[in-house]
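Protein chains: 2
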Amino acid sequence: MKIGIYGYGNLGRGVECAIMQNPDAELVAVFTRRDPETVKILTPTAKVEKADNVLLYKDKIDVLIICGGSATDLPVMTPALAENFNVIDSFDTHAKIPEHFKNVDKAAKENGNIALISAGWDPGMFSVNRLMASAILPEGKDYTFWGRGVSQGHSDAIRRIEGVLDARQYTVPVEAAMEKVRAGENPELSTREKHTRECFVVAEEGADLERIENEIKTMPNYFADYDTTVTFISMEELKANHNGIPHGGSVIRTGVTGKDKENKEIIEYKLKLDSNPEFTASVILCYARALVRMKERGDTGCKTVFDVAPRDMSALPYEEMLAHLL
Amino acid sequence: MKIGIYGYGNLGRGVECAIMQNPDAELVAVFTRRDPETVKILTPTAKVEKADNVLLYKDKIDVLIICGGSATDLPVMTPALAENFNVIDSFDTHAKIPEHFKNVDKAAKENGNIALISAGWDPGMFSVNRLMASAILPEGKDYTFWGRGVSQGHSDAIRRIEGVLDARQYTVPVEAAMEKVRAGENPELSTREKHTRECFVVAEEGADLERIENEIKTMPNYFADYDTTVTFISMEELKANHNGIPHGGSVIRTGVTGKDKENKEIIEYKLKLDSNPEFTASVILCYARALVRMKERGDTGCKTVFDVAPRDMSALPYEEMLAHLL
Numbered sequence: 001m002k003i004g005i006y007g008y009g010n011l012g013r014g015v016e017c018a019i020m021q022n023p024d025a026e027l028v029a030v031f032t033r034r035d036p037e038t039v040k041i042l043t044p045t046a047k048v049e050k051a052d053n054v055l056l057y058k059d060k061i062d063v064l065i066i067c068g069g070s071a072t073d074l075p076v077m078t079p080a081l082a083e084n085f086n087v088i089d090s091f092d093t094h095a096k097i098p099e100h101f102k103n104v105d106k107a108a109k110e111n112g113n114i115a116l117i118s119a120g121w122d123p124g125m126f127s128v129n130r131l132m133a134s135a136i137l138p139e140g141k142d143y144t145f146w147g148r149g150v151s152q153g154h155s156d157a158i159r160r161i162e163g164v165l166d167a168r169q170y171t172v173p174v175e176a177a178m179e180k181v182r183a184g185e186n187p188e189l190s191t192r193e194k195h196t197r198e199c200f201v202v203a204e205e206g207a208d209l210e211r212i213e214n215e216i217k218t219m220p221n222y223f224a225d226y227d228t229t230v231t232f233i234s235m236e237e238l239k240a241n242h243n244g245i246p247h248g249g250s251v252i253r254t255g256v257t258g259k260d261k262e263n264k265e266i267i268e269y270k271l272k273l274d275s276n277p278e279f280t281a282s283v284i285l286c287y288a289r290a291l292v293r294m295k296e297r298g299d300t301g302c303k304t305v306f307d308v309a310p311r312d313m314s315a316l317p318y319e320e321m322l323a324h325l326l
Numbered sequence: 001m002k003i004g005i006y007g008y009g010n011l012g013r014g015v016e017c018a019i020m021q022n023p024d025a026e027l028v029a030v031f032t033r034r035d036p037e038t039v040k041i042l043t044p045t046a047k048v049e050k051a052d053n054v055l056l057y058k059d060k061i062d063v064l065i066i067c068g069g070s071a072t073d074l075p076v077m078t079p080a081l082a083e084n085f086n087v088i089d090s091f092d093t094h095a096k097i098p099e100h101f102k103n104v105d106k107a108a109k110e111n112g113n114i115a116l117i118s119a120g121w122d123p124g125m126f127s128v129n130r131l132m133a134s135a136i137l138p139e140g141k142d143y144t145f146w147g148r149g150v151s152q153g154h155s156d157a158i159r160r161i162e163g164v165l166d167a168r169q170y171t172v173p174v175e176a177a178m179e180k181v182r183a184g185e186n187p188e189l190s191t192r193e194k195h196t197r198e199c200f201v202v203a204e205e206g207a208d209l210e211r212i213e214n215e216i217k218t219m220p221n222y223f224a225d226y227d228t229t230v231t232f233i234s235m236e237e238l239k240a241n242h243n244g245i246p247h248g249g250s251v252i253r254t255g256v257t258g259k260d261k262e263n264k265e266i267i268e269y270k271l272k273l274d275s276n277p278e279f280t281a282s283v284i285l286c287y288a289r290a291l292v293r294m295k296e297r298g299d300t301g302c303k304t305v306f307d308v309a310p311r312d313m314s315a316l317p318y319e320e321m322l323a324h325l326l
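Protein chains in written order, with my numbering: chain A, 1 to 326; chain B, 1 to 326.
Be aware that one or more of the hints could be misleading.
To be verified - The calculated lysine-lysine pairs, modelled on BS3-like cross-linking and capped at a C-alpha distance of 25 Å, are: (1) Lys50/B x Lys259/A; (2) Lys2/B x Lys259/A; (3) Lys194/A x Lys270/B; (4) Lys47/B x Lys259/A; (5) Lys40/B x Lys261/A; (6) Lys239/A x Lys261/B; (7) Lys270/B x Lys270/A; (8) Lys2/A x Lys261/B.
These aren't lab readings, by the way, just hints derived from the structure by calculation.
Chain A extracted, bound-state conformation (with noise of 0.2 Å):
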């Protein structure tokens, strides 16, 4: 399959490395808004184009993958650019997902294409496993803690305070509530109860940093539910200590089955990521896989990760999946 990545930051250099690792895929071109010749790139045979070019590009591509942030550019880029492309995104702005599947399906489908938005691992697998989970078990609870990881968003949220230089947060999950949850005990757990939020702050020299530490601890959505705790540091240590990004989390279901629904039963899917886009994008290949195919089959419209069977994702024959991995 012949893919075009649109946007060239840690994800879309995230999915040229997952293109890499899967011999039936191939990197045509990569889109950036920036000037094509300040972006180096590691394919050898893939060009890199201005994304005003990308139409040139309509015939030579079966899946374009947008790898845009969801706050501004997905809702704009996706739409329009399934008007001309097979196209795949990892929207995640969960409140917004019905809003955005609406205009990707109008796009894609008026034009004859397939799009899938929201791939990834949450959403994505997460999502998957939510789903699958809350269908085996109907009568159950589900529990959603994520980390330890880096959360772009908050880190970014400190970053926007006066006289911060630079910040890294972590969002950890209460192991604690974890362990009940995986005990079986369906505890009720508050947004405090179930995570923490570590950041660790470089400051402007002579910056105030009583005032930031209370910025940080009240700010309103990001931190002001959570026990946050705020750790100023130099910028060395910051580039030694906090240059990765890491990520994961658990999604479980406690459910009961019975006669009398005397037994419980623990369904938990948990990933441990060093790079969080990496992994991102190595999903998001197996989905491009994947629309390639139900695209060959003449599906169109927009798409999700629910709608995917497991043996599209896959490279391998099916004959080999029943063999050794049934």
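Add chain B to chain A, keeping to what the hints say.
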């Protein structure tokens, strides 16, 4: 969907309980090889019928769930019943799945029916997770650990030894091995290093306990390759403390991503089950739902869990999935 249960042992009873938890499913009849008068079921509106009368229900059942054993029942039953019904089974002899698939596919296709084999958790949910994880992380290593749980096959093997009245065998994963895998160490693990086997045995009065213990520990395929412990207990203790059918386990894939494959990513799917047959039955019911939908779309022949989109497993409307689970 109208369901028939063919075979009313632990699994069949589990399916009946699962139907009671799913309002879109209705139990029409249970088919048994025993005298129907002697079989008491929980569903007042359903019939108990002789297995031989199953054809009378040809147009009254959407899916027939075949709850027989994999050794001798299912290889015959599933292809035969697929000639007249949409069927689903939990065939779990991994090595013979390709052959079973072929036989069921032929019978179902020739008669315009749809079938799904090997539903449950292994094969079943574990298989789905092995497939998805290996697709996402093409360069990696798979581990499956089972237990702590009762192995019916191993318990039966002990019961066949002279002087044994009853027995329970627990398959126990080696915690230290699992921790190495979860830490991303990619260990090479022998059979002995992955699982131990705990046997609780009720012997006849005056039986030669040393001989029994030795016969168990040296039994080829079942125990010889494992560290096995044998504990003799009374029938009372067996009934009091070993009456449940718990099981579970973990499918773990560790893989690498990145330009220089410098990042480790770990995916784990974990089950902790109070009742192995009831959970298996709950999974089967989801795939029965999917099968009815796939048939309505015109699909026929033999399928596996690999062919089923998560969406089709759930009773929820798609809009609700998008809004709340994605």
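Each hint tested on the structure:
1. Lys50/B x Lys259/A: Measuring from Cα to Cα gives roughly 24 Å; hence the hint holds.
2. Lys2/B x Lys259/A: Holds, at roughly 20 Å.
3. Lys194/A x Lys270/B: At roughly 20 Å apart (the allowed maximum being 25 Å), Lys270/B and Lys194/A satisfy the hint.
4. Lys47/B x Lys259/A: holds (18 Å)
5. Lys40/B x Lys261/A: holds (19 Å)
6. Lys239/A x Lys261/B: holds (21 Å)
7. Lys270/B x Lys270/A: Roughly 8 Å between the alpha carbons, so the hint for Lys270/B and Lys270/A holds.
8. Lys2/A x Lys261/B: holds (23 Å)
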